[in-house]
Amino acid sequence: MKLHQFLVLLAFAAVLTMAAFELPARGDAGSPANRASLERLVAGAHYISHAGRDAATPNMVTVILADYRSFDTLGETLVVFAGGIACLFILRRLKS
Amino acid sequence: MSVSAPDTDFALAAERCEPSDSPIIRAAARGLAPLIQVVGLYVFFHGHYSPGGGFQGGVLLAASFILLRLGFGLQQTQCVMPSHLTIPLSAVGGLIFLGTGFVALFCGGNFLDYSFLPVPGLKTAYIHNYAILFIEVGVTITVMATLVAIFDHLLDG
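Protein chains in written order, with numbering that gives the first Met the number 0: chain A, 0 to 95; chain B, 0 to 156.
If you're looking for bench data, these hints aren't it; they were derived computationally from the structure.
Just to be clear, a hint being listed does not mean it is correct.
[Claimed, not checked] Chain A regions said to be covered by chain B (calculated; three or more residues, Cβ under 8 Å):
id : stretch
1  : 6-20
2  : 62-70
3  : 77-85
[Said to hold, decoys possible] Partner residues are not named here, just some residues of chain A that face chain B (Cβ under 10 Å, in silico):
id : residue
4  : L73
5  : I89
6  : L90
7  : R91
Keep in mind the model is a prediction, meaning the values are calculated, not measured.
Cβ coordinates follow ideal geometry from the N, Cα and C atoms, glycine included.
Please work from the sequences and hints to get the whole structure.
Below, the structure written as structure tokens:
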């Protein structure tokens, strides 16, 4: 059982490592995530060209985090809240 | 039902959060806590212009309250941040964020689509700007209150 789990973990690690080596270089403007073609803007190019005008905010990261991807940030906030609730239930003094 | 070992652990931990004996620690906590709070508010409000934002600002505010707790003990700092208010505050922060989303939803847009927030007399870009600030307020409150709540429960059980 232990060996079985270890082999599964090793296989996942191999898959993730292979995927990581296939990633485009950081800041590569020609990568599919950033490439803007004439007929359509992909997400990265859209954010870079629209973030300043859409939200009147100079910091692009904030606009992506709290505006375009605000549902993700909502999830993060609720995870923090859920962590607090979990700590409350685990650490609360037991009524004796 | 009596669980002896964790109870004694909690009692020890609660005893440990007496006001500090050292005047240096008390003076440092007294002097540093407001400074950390100001830096936290700066990081939070400057999230629009530089690295920063709700999570970082909330952590800094929580650090200032925890520093006060370490210097002056749990009982004396209840007036600064009451222990019973931490979890409700945390929920309020989440509700601010969720509420913004639902207001946009009920005003005809998608969930969290700030363009549909009913703010008169503002251009759409500026509605986005202030909506980002508003939801970051919620994030800050949640992060700050949750961290203080975890610290209090670690001490007090």
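These are the hints, each one checked on the structure:
1. 6-20: violated (count 0)
2. 62-70: holds (count 6)
3. 77-85: The restraint on the stretch 77-85 of chain A holds, since 6 of its residues have a Cβ under 8 Å from chain B and three suffice.
4. L73: Constraint on L73(A) satisfied, holds at 5 Å.
5. I89: holds, 8 Å
6. L90: holds, 4 Å
7. R91: holds, 6 Å
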